[in-house]
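Engineer: Just so you know, the protein sequences line up as chains F and A, in that order.
Residue numbers for the first sequence follow this note's numbering, beginning at 1400 and rising by one.
Residue numbers for the second sequence follow this note's numbering, beginning at 624 and rising by one.
Treat the hints as calculated values from the structure; they're not laboratory data.
Just so it is clear, the structure is predicted and the values come from calculations on it, not from any experiment.
Glycine included, every Cβ here is placed at the ideal spot set by N, Cα and C.
Errors might be hidden in some of the hints.
Computed list of lysine-lysine pairs in BS3-like fashion (alpha-carbon distance at most 27 Å, straight line) [stated by the list, open to error]:
hint, chain 1, residue 1, chain 2, residue 2
1, F, 1886, A, 672
2, A, 651, F, 1886
3, F, 1535, A, 1829
4, A, 1658, A, 1051
5, F, 1825, A, 1128
6, A, 1722, A, 1614
7, A, 626, F, 1615
8, A, 1267, A, 1289
9, A, 629, F, 1880
10, A, 1478, A, 1614
11, A, 1048, F, 1470
Some residues of chain F that are not near chain A, with every Cβ distance over 10 Å (derived) [claimed, not checked]:
hint, residue
12, 1685
13, 1686
14, 1717
Among chain A residues calculated to face chain F with C-beta under 8 Å, some are [unchecked claim]:
hint, residue
15, 764
16, 855
17, 894
18, 1709
19, 1731
The lines below spell out each chain.
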Amino acid sequence: MNVRAHMSMLFHLDKCIGCHTCSVACKNLWTDRRGAEYMWWNNVETRPGTGYPTQWENQQRFSGGWEWDGKTLRLKLHSKLSGLMKLFYNPALPEMDDYYEPFTFRYQDLFNAPAGDDQPTAIPVSMITGEPIDIKSGPNWDDDLGGSNIYAWNDPNMAELPDVVRQQMMELERVVFNYLPRICNHCLNPACVAACPSGAIYKRAEDGIVLVNENKCRAWRMCVAACPYKKVYYNWSTGKSEKCILCFPRLETGQAPACAHSCVGRIRYMGVLLYDAERIPQSVMVPDEQLIEAHRSVILDPFDPEVLSAARTNGIEESWINAAQNSPAYKFVKIWGLALPLHPEYRTMAMMYYIPPLSPVVSVVEEDLVRLDLSPDRRDFELFDRLDAARLPVMYLASLFSAGNEAVIRGILRKLLAVRTYMRRKTVDGVVDNQTLALLAEAGTYPAEVEAIYRLTTLPTMPERFAIPQYHRETALESWKDPLAHKGDSGFGYVQAPLRGE
Amino acid sequence: MKKWTKETTAPVERRWEEFYRNRFQHDKRVRTTHGVNCTGSCSWEVFVKDGIVTWELQATDYPTLEDGLPPYEPRGCQRGISFSWYLYSPIRVKYPYARGKLLDLWREARQAHADPVEAWQSIVNDPLKRTAFQQARGKGGFRRVRWDEALEIISASVIHTVKQHGPDRVIGFSPIPAMSQVSYASGSRFLSLLGGVVMSFYDWYCDLPPASPEVWGEQTDVHESADWYNSRFIAVVGANLNMTRTPDTHFISEVRHAGAKLTVFSPDFSQVAKYADYWIPVNPGQDTAYWMAVNHVLLKEFYVDRQVPYFVEYLKQYTDMPFLIQIDESEAGAKPGRYLRANQLPVYRDIENGDWKLLVWDARSGEPRMPQGTIGFRWAKQEQGKWNLQMRDPLTAEDLSPELSFAGAPDDIHLVEFDDFAEGKTIKRGVPVRYVQTEQGRVMVTTVFDLLMAQFGVPRGLPGEYAAGYDEDAPYTPAWQEKYTGIHRDTLLRFAREWGENAEKTNGKNLIIIGAGANHWYHNNLLYRSGIVALMLTGSVGVNGGGLAHYVGQEKLANQASWSAVAFAQDWGKVPRQQNTPSFHYVHSDQWRYERGYTAYDCFPEQDDRKTREHTIDMQVRAVRRGWLPFFPQFDRSSLEVAKDAAASGAATDSEMIAYVAGKLKNGELGFAVEDPDAPQNWPRVWFIWRGNAIGTSAKGHEFFLRHYLGTHNNAIAPEMAEGYTNEIVYHEQAPEGKLDLVVDMNFRMDTSALYSDIVLPAATWYEKDDLNTTDLHSYINPMQAAVAPAWESKSDWDIYKAIAQKVSELAKIHLPDPMRDVVMLPLQHDTPDELAQPSVLDWKTGEVDAVPGKSMPKFRVITRDYAHLYEQMTSLGCEVEKNGVSAHGLNISIGDEYRRLVQRQPRSVNGQVLPSLFEAREVAEVILALDPVSNGELAFRAFEAEEHKTGLDLSDLADGLRDVRYSFADIIAQPRRVLTTPTWSAVINKGRAYTPYSMNVERLIPWRTLTGRQHFYLDHEGYLDWGEHLPTYKPRPDHLMLDETQESLAEVKEGLLWSKMLNLITPHGKWSIHSTYSENNRMMTLSRGGYPIWLNDKDAAELFIDDNDWVEVFNDNGVFVQRAIVSSRIPPGTVFIYHATERTVGIPISPQRGKRAGMNNSLTRVRLKPVLMSGGYAQFTYAFNYWGPTGVNRDTYVFVRRIDKPDY
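Construct the complete structure from the given sequences, taking the supplied hints into account.
Structural biologist: What follows is the structure in structure tokens.
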């Protein structure tokens, strides 16, 4: 057993507002500068939709992630073309059209326009060339565009849906959208690291954060292509790749990443997961339908004495063990089984997790009248028995979060509905009847667990949502410098941005 | 597989990580917030690095509420977190600017005239010069000027206007003071000292829900968002919480997991619909029909088929349901009439305020009896302490047991007529009645409850046209509503039953969250009432987790009592000229001239023939004449001159002067300006705009603003139509263009208003000034603080108005050196005894009644203006407030000791006196905090004492433990502080309980501020009876033929063979603008479509050959808008969405159709007033600023839409 600790983020999609406060918090802090205009380390996608960059999930086009042929695991990128050849020409790299051309407006013309015979206006211009631009795309172009026959229809996850369901989703009966916030998944089996010819990308041992060393990066951009989530970006000004750093300067000082801190939907949780690094290979080399189970098996029980002993042997500090034991991520992912990694079939072992969302019941249209498709027996939250009458198809969610395994999704949605039913009985009727207890059992849960899920879903304070361990920076520092000396020196160094070709 | 990890113990390579650590290091963090429009009131931390604001993140240290509620943190959305962009952006106004054309004229005039006022006069009194600079408005040519030059032009124009036309020709607009109370107060205080006009915003924005004053006598009072979590059944109606209540939405997602059900009503699959259990896409603007049918089902299943004791007791105690209504019989038929008045009965004939005390039928004594708590008790002079909700006879102290219905034992069943506006006919339904002997003979009465049962057509075995069952298509059955709402009756029935059962099980934890999607329609008051009926029928109002939560640009200025004293210069004994803006713009921007008036688009009972040749403007004029609504300018000459004339005629005292004015008005020698608004002497002349976008996103009928106010280019082609329809107004053949002499905008960004103004002054941003900020979405007081100095040459609003005041005083020393008297005209005022002024509607002009100021006509107050000392008054707190205390909700609170403490803490010498200083914005904030009961517990205690005196109830225990609490500015910087429980608001919030409106009324039996003192199902003002809105009812939406804004465009379409389609224009609040920041922020532009997309349904788009991102032209007779399209089936067919608050300044091309720069969303709108909402002088129908009056509805708008090739800029 090789026990490691990992900082993981968890997104409760049922609570996501799609407001993008997270995206702006991140942009203000990290990518509000030349060369980084188009970088959205954190972005939010409307789903169904094509995402950012456009259709990033289309690995036919982008060749991201790993491939397993039943025997060996290879980077999809390398299976297509030899790695060396791609150093110079890489057709899998996204281009500007897959992102967008950053734009601004000539605001200053409003002040400077000479007196004329019509009103001046600030015309749009490219932030790259400064020339007038016809705006055709952006980082969130299909925002709130459920029911779009361009964007929703072309969501790669829609491909598997039956035609009739897809068609319904373009009509009032089933039109729907939800949101998918995304950051770097700080994978356990990161394709970006594997693909980097310069060895510039690494995963931090203490918290699992995957970083591009800006000093070592040599602009090969293999990471950009290899990352199936397209979460490594190439800075055209510095000539270096950059990506989400999970706000390590904030984490190291006990603060949640800016995206999580600013999440006004309170959908984000942060917590430590202990995992067994030895089990990674075997858990990515299983058939698709077993991926979720295999992924969960890598995560260790932070109360198991054996695990704790192995953790201490590996130098994991007590504060991290405490955090692992209080980790909301551990509860949602492992104990309650409500949270899933995004696209496990990419086999990078994404370490950020999602709780799939509920959605309204579908409608039928009869002689131009809209009628909710409800059964006449008037049971509360009846989708529990009729998940196929939810607007978001189970199969769609399975395509995102369980490599097509619908049973996993159904189990989660039913558990969420069981929590709602139990709480309704308790707070509206004042009693939890036997029928409700039976329903809980059917959902594989029981009152104490339901109460715990309820509390952590709705009532958590910030410290409960973000169980961030104390970092021991002094011990990290002292291997190369006396912390007392650093106390006086810190910040005096000449700060220089990495430059192109450095 | 390889090992990816890198240990901390191999660190040298990892030293590069300092790169990101260095970025995160910062020098300072400062707590502040965002200060206009958005009602989020989020606590933010702004990070300063190298003296530059670099980013912001939410502060998360809100004090928690009671256990079991989710915490508030974090609060703050994508717009708020983008704000730091503005500080150093290229749209920042860094220096004062003036239009070049005006500047040239000014400098030339200053060469010729040593005196600035004379210089100004030489420009504006020369029609050629005046027109020349007016026509340059909005067409570029700005030039940077020095502050002192800008201040001189502004001050000269103010002094000139006061001298030549009168102070009420100087107007100012700024919205939503709650969000930056000091900044708002800067201008309103200046204007109030000057005698200028402060313009309302809440009604103009159409955010005021008139149903709230109608039903509750309250402007708006709503739940803090945490209280949503107490609900168990939530209907979201036309409110897109994700968009507009972003920091609060988590309570909605969370309460679902606590067991609540959520139904979302919106015609589009909106962002909040994703949370719903049921998404019910009621056709746009047809929610009234839906809720009317819900109420039909509730009455049938929870009142007729069986009774729920909780519901019945609630109706008896807290609503007007048991009160007696007289049935009026005439040859035409029997109709519901007025409440039976106590003094109609011999036994109560001589009681005080007998017209204003009402009756119920007491089951014990078997006779009509007068309970306590009606409005006559509120304003009693003789017998006080009986204004409460105890169901008790004040004369005998007996408890009364009111009968809800006479159906069990009627004297008779009478056929009564009810209006069916949808079909344009009347329906006769049997109503159980009893006979009462009155002073006027025998009258027939029934209860409000029995009328309501008949109005809703609920079958109870009574004769008349009652529906046989739910499936009969008769008003207001589930089958009936289908044709309006598009919702199947089964769905409605299911909803209504779940609604009723939830309330029965939870004692009223039913919540309606309602917003602009409901409130922006012409008949919004009816829509709201239909929902409120469903809440009252289920006992849900005043219960935590129940009631009506209206969130549309609403503000809650928690420190209302102290703030209004400062903001309207009441500390110097001033009476502000507060104007309801809908009336102002309807009249002055001449939008009334482009329509036939309300008879074209409103509904009134079918047989009514009185109103066929009348115009809305007539109703407006009468409303002013009767003292129902304010109007400025008030007279057809200067109010200062009128005062002078009065004095010259021998009037010495105030009352003699007022008698003089009333006499002159009566004999016609003095006219109201509203009667001839197009005459030059009645034009507004100088307009101050600050903190707002008065010419842009706040300008319904924007193109008419450009034409008639500014006198510049515009895209309106609407024909004039009013001629021949008006009776009360002087009609000028030629409408004036360019009424305004000077428009001054204070702004940190070059928005549409700035672009069209004559002078733009650089204002500090929200991260560069000190201020106060409160909201109704939570219960904390937040500070705004300067994180950095006002950038470049900008100044805070407080400092700008101080500078103007100083210059005005300087010029006044020459031009207006001595104190002078001013006669201020006011409408009858809410929360004063004026609420008893007009028991019936009579016109003094036609001789129906005597012209008595404050009774049958407006009130007048004589005020002294001291222009030479305006600056000193501006910057110190006058001692009138020490003498008179502060007031809110009709309660007066003495504050003398606190005032004297302020003299010690922040002294300022003013003309030999030492007064509390108001020199610095922070000092103003301290005064507001110190003198208000929400932030000073001793004053909360005194407010309860005052309320005890009025009600005779024990209340001051609610202030137990609060008397030592006193918040200072330093306290709220340290941490947001929760407001205190006070009777200036309506909720009990002690011990962390969430604010739910009217919980104090329900729990402590304080009456609502209405006629009955209860919540009203029935409204018996004569106007309401006339318009058929006495009972909750359904009126159809005005269609495009009634609105007269598409016929010229139709001709364009036909002539040009333009492939287009007429659609209903909806302008919801957007995701990327308005709240917290504005729409041109590049961060928000990037995350949306880089413009202001026009949303279309896919089928409409296909018909018009429009693909996603194609350029589209949207036009009607009011104007034109050109942008790119978004196509989605989430948009309902037949509508086009343009999210509210576009700017003309960013990326707007030339309109191919009209040939000029295309406009904005408000280019397509025009304001139409609803006359019944002008009612005044009668209980809750009595004017208050931003509180009552017609609203600026904008959603009944039709446009043509067509695809165009890529246009030119």
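Engineer: Now, for every hint given, state plainly whether the structure supports it.
Structural biologist: Taking the hints in turn, this is what the structure says about them:
no.: 1; hint: F:1886 - A:672; result: holds, 20 Å
no.: 2; hint: A:651 - F:1886; result: holds, 19 Å
no.: 3; hint: F:1535 - A:1829; result: holds, 12 Å
no.: 4; hint: A:1658 - A:1051; result: holds, 18 Å
no.: 5; hint: F:1825 - A:1128; result: holds, 11 Å
no.: 6; hint: A:1722 - A:1614; result: violated, 54 Å
no.: 7; hint: A:626 - F:1615; result: holds, 18 Å
no.: 8; hint: A:1267 - A:1289; result: holds, 19 Å
no.: 9; hint: A:629 - F:1880; result: holds, 18 Å
no.: 10; hint: A:1478 - A:1614; result: violated, 44 Å
no.: 11; hint: A:1048 - F:1470; result: violated, 81 Å
no.: 12; hint: 1685; result: holds, 14 Å
no.: 13; hint: 1686; result: holds, 19 Å
no.: 14; hint: 1717; result: holds, 16 Å
no.: 15; hint: 764; result: holds, 3 Å
no.: 16; hint: 855; result: holds, 5 Å
no.: 17; hint: 894; result: holds, 6 Å
no.: 18; hint: 1709; result: holds, 6 Å
no.: 19; hint: 1731; result: holds, 5 Å
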